[in-house]
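Q: Following the hints, put chain F in place on chain U, whose structure we already have.
There are 2 protein chains.
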Amino acid sequence: MPEIERKLLVDVPPPLDDGTWSASRLEQGYLAITDDAEVRVRRTDGGAARLTVKSAPGLTRVEEELELDGEAFGRLWPLTEGRRVVKTRWTRRDGDVLLELDIYEGSLSGLATLEVEFASEEAAHAWAPPAWAGRDVTGHKAYANQSLALYGAP
Amino acid sequence: MPEIERKLLVDVPPPLDDGTWSASRLEQGYLAITDDAEVRVRRTDGGAARLTVKSAPGLTRVEEELELDGEAFGRLWPLTEGRRVVKTRWTRRDGDVLLELDIYEGSLSGLATLEVEFASEEAAHAWAPPAWAGRDVTGHKAYANQSLALYGAP
Numbered sequence: 001m002p003e004i005e006r007k008l009l010v011d012v013p014p015p016l017d018d019g020t021w022s023a024s025r026l027e028q029g030y031l032a033i034t035d036d037a038e039v040r041v042r043r044t045d046g047g048a049a050r051l052t053v054k055s056a057p058g059l060t061r062v063e064e065e066l067e068l069d070g071e072a073f074g075r076l077w078p079l080t081e082g083r084r085v086v087k088t089r090w091t092r093r094d095g096d097v098l099l100e101l102d103i104y105e106g107s108l109s110g111l112a113t114l115e116v117e118f119a120s121e122e123a124a125h126a127w128a129p130p131a132w133a134g135r136d137v138t139g140h141k142a143y144a145n146q147s148l149a150l151y152g153a154p
Numbered sequence: 001m002p003e004i005e006r007k008l009l010v011d012v013p014p015p016l017d018d019g020t021w022s023a024s025r026l027e028q029g030y031l032a033i034t035d036d037a038e039v040r041v042r043r044t045d046g047g048a049a050r051l052t053v054k055s056a057p058g059l060t061r062v063e064e065e066l067e068l069d070g071e072a073f074g075r076l077w078p079l080t081e082g083r084r085v086v087k088t089r090w091t092r093r094d095g096d097v098l099l100e101l102d103i104y105e106g107s108l109s110g111l112a113t114l115e116v117e118f119a120s121e122e123a124a125h126a127w128a129p130p131a132w133a134g135r136d137v138t139g140h141k142a143y144a145n146q147s148l149a150l151y152g153a154p
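Protein sequences appear in the order of chains U and F.
Mapping to our numbering: the first sequence position 72 is 72, numbers consecutive.
Mapping to our numbering: the second sequence position 81 is 81, numbers consecutive.
Next comes chain U alone, as it looks inside the complex (with noise of 0.2 Å):
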């Protein structure tokens, strides 16, 4: 089932240190992007990490999950030099949404965007943005996250 969800750019984030947000922070890395598949890495919070293989979209999409031991992860993240997106993840429930508001790091600094998923299109168009959140950028590829790995924000 495809997502449902909506994206926007966000200038100046709120604060973050009410005590209703909680921070993931998620460093992201491509070993190999091809037509067929991407195999990328993540690990979180420096701690649990896994390997993905991802069919490209098609027919029948295959999405794999596989652990990495932190020694492992440590070994291929080398491997993504070049194709990376560092980021903490700030999530807050907000009615019956989950905020995901991303703030990006390193070459991508100065980048932060907002997510949220919804069970239905209805439910999408008729959410209202916080008034922090900026130009709506859903389905541009350019703010997907291996766009981001590969070229830089736009």
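Hints are supplied without guarantee of correctness; some may be wrong.
Any copy, or any two copies together, can satisfy a pair, since identical chains are not distinguished.
SDA-like, lysine to any residue: derived pairs with alpha carbons at most 25 Å apart [said to hold, decoys possible]:
{"id": "1", "residue 1": "Lys7", "residue 2": "Arg75"}
{"id": "2", "residue 1": "Lys7", "residue 2": "Pro57"}
{"id": "3", "residue 1": "Lys54", "residue 2": "Thr88"}
{"id": "4", "residue 1": "Lys54", "residue 2": "Trp21"}
{"id": "5", "residue 1": "Lys141", "residue 2": "Asp35"}
{"id": "6", "residue 1": "Lys54", "residue 2": "Ala128"}
{"id": "7", "residue 1": "Lys141", "residue 2": "Arg50"}
To be clear, the hints were calculated from the coordinates, so they are not data collected in a lab.
A: Same frame as chain U, now just chain F:
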């Protein structure tokens, strides 16, 4: 340490049912091949399977192997279509060395190669191949597994 090995073509394999040879069937397919890395899956005798990430040849060679259960292999295998090598590897001790006779299947049917690994360059040069071994293709890229998977038999 680079492997020291020799590889020869085998036009007519010797009798393999004389009790001196052991056989393993290998199914190997590439999920992704890029300038920086290759990611492949391999299953032995329909059982133990692994995903391997290898960096391209360079200063720091990375080779990382992850265990795959049978179901994960089954989900990933379809992503390797058109980039596969399936073969039975027949092995036998021959004095100091191990003979590895690979008999290929499918679109590579008709191809057989003999590979032997050595402890030193001297041993590699001194080795006398069996009478049934043919043309020496040591170092020929076209006979590497990756090339065979992508381009078929030369």
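Q: Where does the structure disagree with the numbered hints, that is, which hint numbers, in rising order?
A: 1, 4, 6
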